[in-house]
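Protein chains: 2
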Amino acid sequence: MYEITPIGRVESPLLERGMAPRQGDEGAPDAWLAFEPRVRDGLQDVRAGQELLVLTWLDRATREVLTVRPRGEGDRPLTGVFSTRSPDRPNPIGLHRVRVLEVDGLRVKVGDLEALDGTPIVDVKPVLGQVNER
Amino acid sequence: MYEITPIGRVESPLLERGMAPRQGDEGAPDAWLAFEPRVRDGLQDVRAGQELLVLTWLDRATREVLTVRPRGEGDRPLTGVFSTRSPDRPNPIGLHRVRVLEVDGLRVKVGDLEALDGTPIVDVKPVLGQVNER
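Read top to bottom, the protein sequences are chains A and B.
Position 26 (the first sequence) corresponds to 26 in the numbering used here; numbering is contiguous.
Position 69 (the second sequence) corresponds to 69 in the numbering used here; numbering is contiguous.
In case anyone wonders, no lab produced these hints; they're calculated from the structure.
Where is the CB? At the ideal position from N, CA and C, for every residue including glycine.
Misleading hints may appear alongside valid ones.
With the Cβ distance kept under 7 Å, some of the chain B side facing chain A (calculated, not the full set) [claimed, not checked]:
| no. | residue |
| --- | --- |
| 1 | ILE4 |
| 2 | GLY42 |
| 3 | GLU102 |
| 4 | ASP104 |
Among chain A residues calculated to face chain B with C-beta under 10 Å, some are [said to hold, decoys possible]:
| no. | residue |
| --- | --- |
| 5 | ILE4 |
| 6 | VAL39 |
| 7 | VAL46 |
| 8 | ARG47 |
| 9 | ALA48 |
| 10 | LEU52 |
| 11 | ASP59 |
| 12 | THR62 |
| 13 | THR67 |
| 14 | GLY80 |
| 15 | ASN91 |
| 16 | ARG97 |
| 17 | LEU101 |
Derived DEER-like restraints, expressed as beta-carbon distance ranges [claimed, not checked]:
| no. | chain 1 | residue 1 | chain 2 | residue 2 | range |
| --- | --- | --- | --- | --- | --- |
| 18 | B | PRO77 | A | LEU15 | 24 to 30 Å |
| 19 | A | PRO37 | B | ARG60 | 26 to 32 Å |
| 20 | B | GLN44 | A | GLY111 | 30 to 36 Å |
| 21 | B | ARG38 | A | ARG47 | 30 to 36 Å |
| 22 | A | LEU101 | B | GLU102 | 39 to 45 Å |
| 23 | B | GLU102 | A | PRO13 | 43 to 49 Å |
| 24 | B | ARG40 | A | MET1 | 40 to 46 Å |
| 25 | A | PRO37 | B | ARG69 | 20 to 26 Å |
Could you build all of it, start to finish, from the sequences and the hints given here?
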């Protein structure tokens, strides 16, 4: 067992699960990532135009679920959650590839983020092949 | 604060951090993902040949670090960790894109995994555009 501590929160017009689109490219809204002051130094190289991977903790997900029926596919068999992007899974970590639109101190505006308002942010990584890697 | 519970462990010939290559494509070894019996149903659609994202908890990382000097770049300035893939970061979640080589019940063999032996596995997701999405 490990403890994960949010480094910020999502600010989004998506207020509840029914409002979320199926995938970012189906039209998720722009959102702000509001980071905690204590992680300021970690953000110092984030710039508008970059693509980032935002990892969230999907705090409204159900953790007891191991199989799901993909949405809109009522006649499909149940699928193991590790072969889906369902938020419902034992450790509900969300993974979102986004483009940075604007940076304002501890607030970072990103495009097309499929995450509900208030969702805790737990990590941010560069897309590989871009920015610094190690 | 949230609690993250491992769903399995990495079995790898990489025994300590100095042995890890910088990126998977620089020649990380094949490894086995050994899952816990309680998540068996979640794995039922994992097949050889698929590409997966494996999320790990980098339990030997330092969580107090916000800036790092990219390895092998001694003259470069310190970089904010959220613009690097350094394991040292506030929530040390590792993200590894791998190909499934073999599935043997709760054990899944994958290629080119840059993760130390014993590293906890916390989630597995399909690469987007492949397998089922939702």
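Now the hints, each set against the structure:
1. ILE4: 5 Å, holds
2. GLY42: 4 Å, holds
3. GLU102: Interface hint status for GLU102 (chain B): violated (16 Å vs cutoff 7 Å).
4. ASP104: 16 Å, violated
5. ILE4: Where the cut-off is 10 Å and the nearest Cβ of chain B is about 5 Å from ILE4 (chain A), the hint holds.
6. VAL39: This interface hint holds because 6 Å falls under the 10 Å limit.
7. VAL46: 6 Å, holds
8. ARG47: 9 Å, holds
9. ALA48: For ALA48 (chain A), the interface hint is violated, since the closest Cβ of chain B sits about 13 Å away, which is over 10 Å.
10. LEU52: This interface hint holds because 8 Å falls under the 10 Å limit.
11. ASP59: Status holds, d = 7 Å.
12. THR62: 13 Å, violated
13. THR67: Given a least distance of 5 Å, the restraint on THR67 (chain A) holds.
14. GLY80: Hint holds; GLY80 (chain A) Cβ to chain B Cβ min 4 Å, cut 10 Å.
15. ASN91: Because about 5 Å separates ASN91 (chain A) from the closest Cβ in chain B, which is inside the 10 Å limit, the hint holds.
16. ARG97: 8 Å, holds
17. LEU101: It is violated, given that the least Cβ distance between LEU101 (chain A) and chain B is near 16 Å, above 10 Å.
18. B:PRO77 x A:LEU15: 24 to 30 Å: 41 Å, violated
19. A:PRO37 x B:ARG60: 26 to 32 Å: 28 Å, holds
20. B:GLN44 x A:GLY111: 30 to 36 Å: 35 Å, holds
21. B:ARG38 x A:ARG47: 30 to 36 Å: 43 Å, violated
22. A:LEU101 x B:GLU102: 39 to 45 Å: 43 Å, holds
23. B:GLU102 x A:PRO13: 43 to 49 Å: Given a distance of about 45 Å, which is inside 43 to 49 Å, the answer is holds.
24. B:ARG40 x A:MET1: 40 to 46 Å: About 20 Å separates the Cβ atoms of ARG40 (chain B) and MET1 (chain A), which means 40 to 46 Å is violated.
25. A:PRO37 x B:ARG69: 20 to 26 Å: 23 Å, holds
The earlier numbered hints that this structure contradicts are 3, 4, 9, 12, 17, 18, 21, 24.
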